[in-house]
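Put the two chains together into one complex, using the hints given.
As a plain string of letters, each chain reads:
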Amino acid sequence: MKRTFILAAFAALLACGTAQAQQLDVKVGVLTDMASLYADDTGQGAVAAANLAAQDFMKSHPKVKVEIVSADHQNKPDVGTGIAKQWIDVDHVDMITGVPTSSVALAVMQVVKEKNKALIDSGAGSSDITGSKCNANTVHWTYDTWMLANGTGKAIVKNGGDTWFFITADYAFGHALERDTSAVVEKNGGKVLGKVRAPINTSDFSSFLLQAQASKAKIIGLANAGGDTINAIKQGAEFGIVAGGQKFAGLLIFAPDIKALGLKAAQGLMFTETFYWDMNDGTRAWTKRWDKERNAPGKLPSMNHAGVYAGTLAYLEAAVAVGSTKDGKAVVDKMKTMTFKDPLFGTTTVRVDGRGIHPAYLFEVKKPEESKGPGDLYKLRATIPAEEAFRPLKDGGCPLVNG
Amino acid sequence: MTTIFGVPAMALFGQLLIGLINGSFYALLSLGLAVIFGMLNIINFAHGALYMLGAVTAYLLLNYLGIGYWPSLIIAPVVVGCIGIVIERAFLQWLYKLDHLYGLLLTFGLALIIEGVSRHYLGTAGLPYSLPQSLAGGHNLGFMFLPNYRAWVIVASLIVCLGTWFMIERTRLGAYLRAATENPQLVRAFGINVPRMITLTYGFGVALAAFGGVMAAPIYNVSPNMGSELIIVVFAVVVIGGMGSILGAIITGFGLGVIEGLTKVFFPEASNTVIFVIMAIVLLVRPTGLFGRRG
Chain A
88 MKRTFILAAF
98 AALLACGTAQ
108 AQQLDVKVGV
118 LTDMASLYAD
128 DTGQGAVAAA
138 NLAAQDFMKS
148 HPKVKVEIVS
158 ADHQNKPDVG
168 TGIAKQWIDV
178 DHVDMITGVP
188 TSSVALAVMQ
198 VVKEKNKALI
208 DSGAGSSDIT
218 GSKCNANTVH
228 WTYDTWMLAN
238 GTGKAIVKNG
248 GDTWFFITAD
258 YAFGHALERD
268 TSAVVEKNGG
278 KVLGKVRAPI
288 NTSDFSSFLL
298 QAQASKAKII
308 GLANAGGDTI
318 NAIKQGAEFG
328 IVAGGQKFAG
338 LLIFAPDIKA
348 LGLKAAQGLM
358 FTETFYWDMN
368 DGTRAWTKRW
378 DKERNAPGKL
388 PSMNHAGVYA
398 GTLAYLEAAV
408 AVGSTKDGKA
418 VVDKMKTMTF
428 KDPLFGTTTV
438 RVDGRGIHPA
448 YLFEVKKPEE
458 SKGPGDLYKL
468 RATIPAEEAF
478 RPLKDGGCPL
488 VNG
Chain B
77 MTTIFGVPAM
87 ALFGQLLIGL
97 INGSFYALLS
107 LGLAVIFGML
117 NIINFAHGAL
127 YMLGAVTAYL
137 LLNYLGIGYW
147 PSLIIAPVVV
157 GCIGIVIERA
167 FLQWLYKLDH
177 LYGLLLTFGL
187 ALIIEGVSRH
197 YLGTAGLPYS
207 LPQSLAGGHN
217 LGFMFLPNYR
227 AWVIVASLIV
237 CLGTWFMIER
247 TRLGAYLRAA
257 TENPQLVRAF
267 GINVPRMITL
277 TYGFGVALAA
287 FGGVMAAPIY
297 NVSPNMGSEL
307 IIVVFAVVVI
317 GGMGSILGAI
327 ITGFGLGVIE
337 GLTKVFFPEA
347 SNTVIFVIMA
357 IVLLVRPTGL
367 FGRRG
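Chains as they are written, first to last, in my numbering: chain A, 88 to 490; chain B, 77 to 371.
Some clues are possibly wrong.
A few chain A residues facing chain B, derived, Cβ under 8 Å [stated by the list, open to error]: (1) V283; (2) T289; (3) A383.
What the hints contain is simulated information worked out from the structure, not anything from laboratory work.
As the structure is a prediction and not an experimental result, all values here were calculated from the model.
From the three backbone atoms N, C-alpha and C, an ideal C-beta is built for every residue, glycine too.
So that you can see chain B by itself, here it is in the shape it has in the complex (with noise of 0.2 Å):
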């Protein structure tokens, strides 16, 4: 069997995938992060507390509601959405022209209340959410057992993400909210309704969150913790990738997670660290990130 650096090719490959499977709920997180920052200049740390909100909700729905995991991919997003435009509303509006650090102190409030109160009601262990009947099961494709539904991940993951790009980066819509974030007076003289964009776009982002979340629900353990587990890691991910770069956030979204799988063979013991190591070189050789804008 042929080697690398001592672990078989086969496994190798396996662990690739792997990585990639989990580089898929990285960067959906972390471009609802770069929309949201790109677009509002907010660091939204309530960012996972919003994707737990969203498998807490597909949770709800099904054993309250009686509503799949199908319905719930689309609900559960709209739902907690509303929820981030309320926030948007009542608290963020305010503090467009303070200092970042406003957001981030009340998006982390936010955080740590969202997780207090449903630490409360639903308490730490976790809440079983099982596979869709028709995800489950898989195929081995030689050199790993592949389970269907983490190809759905994958797959999910990139039309999503690429959607999102599209959308801002290719169409009118992405221009009027470019355009919007650059010079809102400007904006405005044209009859653009320049807040309810900005709303809309804080939903959006809340929403990819939420979406992650309902992803996540069959294979992590839904847990009123599960946000503020991955958020830390997600926000390095921002930071290399270049803070409101969409691109950026998907392809090093992506990237890490083969990287932090391929520790995860090589070195086990530092795989939930080998993340910050590449933040901390990034900053270093290029503080603004893989993809950030200068200036």
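Just chain A, with the same shape it has in the complex (with noise of 0.2 Å):
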């Protein structure tokens, strides 16, 4: 019996030690916004985390070898589904990460799955991704709509402000932004006043700003990202939004956002993230990496950055536990399976719809006065636990779950 136990024991010490050793090459490519409202909380600053994840997981796998390409989808579903089945057909690439952009994220999905390859997605926010529409093939590691909706909604409401009027992004994201968001308003005894969905890539936003303030509600959400929720929220100060008693609640809002306002109009908006490169120690030490490899003086890494650089970690770990990459749905069936530490988000568990589990935070934006440098933009209000954070398995609607 011992003898047995001993030789079990070896041959499975072999086994570990054959797989270890294989060589294993490995193509990764970030899809992303490279120019356009988005390019600053994705585009090149995903590319470098995608590198600094390479460089970090082939030091620690010498018998590894990753590569990372890049491409620009311009927000257009066509040009990403393109890409991404070239990607696959002609270039061999395994995995494809970052994909902002919910329409472009949704139809890039349909394309991993029948391929079979894998999607880690950092960018994209629909929580439709892990629910009607999630696939076997696709992970969503950062944030979705449910919980910005659950974090930054629920908080406001709590505090007073419980009556809203939505300004709204008028595609996928948008629209799921805004139904999770008042979802939670409501739930929580909160009333919506009304909406308006103004087209994305909007410069003027005073007139949808007008309407906002005749509905008298007391927070005006905006469902919307990147250049659009700076361009409302600019301008909402202008048309003294906040000055008549009215609140901002940016739903998504970036680091490289609030850079990009300014403290002066940005202070006091409330929203949830899960990564701010000034949390610890080891987010500050992952940021000045980061800020060599992307060599761009002044920027700051957003929380899809660091869910890039994390979220490929997660799947080249999975894809060596594996042992290859040429079935994407079992190396994203392994990664359901592991847990995952970094120093980024801590520790991240990948449910069975494809949802990455971690902690998110709800900060504030600091006043002027309380900054002590250009980069120190946020005080954390709370944190949501990893449980809490995300949107309960059973009510996303997703196939996987009990299928």
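Next comes the structure, spelled out in structure tokens:
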């Protein structure tokens, strides 16, 4: 008996050894917005983050070779799917990451499913990615609209902001964010007084702001992102929205956006994120490395960048455990059984619907006099534990859950 | 409360005014385009990029030299106008005799380069630029809260537009210019330096774009993409007004601003397409535009 046990242990060790020793080539494609309204929140910063992940992983796993390629999807689903197909068919890309803009992400999800590769999304928002439209080849790492709505919406309603008016970006992401936030507001006893759908990439929000002002809602919820959010808040200050007693709720805000607004215009905004560069020594050290890799002074990493780094590392770990990247679903399945630790998100697990689970944080933008330097933007208001931060598994309607 | 099509009349007045403000920007930019097309026969696709350069120059002046909004309103257009003069001397002057397409392609390429370089150095999230102190705040007009700055935008735009129109249509200098476009040889025979006049005209058109950029800096997100977002609409405005017609550019600029403003109330989802729908209709009915000369 004892001998059998020792033999078995030896055999297991040997098996592990061969798996470890296997040469593995992995190609990762960063598909992102390089030049339009989300480019600073994603874009080159995401490529830099993927490069860091590749470097770190190859250092700890000398037998694994990781190659990073990148492309611009221009926020257009057709362009995104075209690149994804070419990457997988011609260039042998194993995993696609980044992919901001929900409409593009939802389209690329179909491509990776069809070709059985993997998508580790960090940048798109729609909670449908792990809800009704989920699939077994996709992991949604960083955030989603349910988490934003739950974190920010709940906190604001509890602070007395019980009547809302939405200015919504008119596409998949904006609609999802508006829907999820309305649900949270109403569940917590608040009321939605109205909404207006603004085309993506609108430069003048004054007309929408006047409608919001006329609604007399206490809170103007901005269900948009990037340049749209910046323009709305900048012009809101001008129209005396805040001076008139109404408040903005920026439902999706990234650190680079706050820098673009300036603290004077952005102070007091509350929102939810899963990463901030100045959280602890680990995030600060990583930000320094990212800054060097990014090589564009004065930039800050957003949570999307952090997610590309951590998500890529997690995928690589799972790929090594499986021993091959041929079967994208198998690697994603493996990810769902593992627990990942990294300096940016702490501990992350991946749920059966593909949702990455980690804590989220409610931040408030500092007043100009509270800030100690150009990158000192947020103060932490609350930590939302991992198990409360994301939509309960049973509520998402993902076919993988009961299937 | 009186309502018009279910929208309170008061709110409607507010939206009309907002439309007029946006129209001011359309007018300012399409004016520059109209001047350049009317006098040089160049379809200046770099106009949006130069508008962006105006805003970025204002930002740089403020952050590196401590020069505020008011001086920037003069300095930035002069600086960008000089860039325009360099562009005209180095590239455009060789294209006047060729098809319109060459000028269009060249300026389009220039726009891509200018925007690409700016994106590389400045990123796309945008640069903060605050309102000048003297124009902060606003007035409650009863039907809407009018920020002082927006009122200033309308006034400044009207002054600049009408001033330009007056200069070109009603002064001796303008008469030379118009004559030079009709028949450069003859005007040269009278001892007028036509090439220099053309160069300065391009510089002036570009300066108008930069002026628009500085005006926009405190209220719109200052980013390398700000021009490309606007330029398509502005081209539509110029086409509707009639290519090269100065007065047409001004009137359609303001008019379309108002129409777009109203669309934002009644059917916001269509607000970024309404101008193109109008353009299609106008082109069907009057191919030369509302104020264009026939032939």
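Now for the hints, and whether the structure bears them out:
1. V283: holds (5 Å)
2. T289: holds (7 Å)
3. A383: holds (7 Å)
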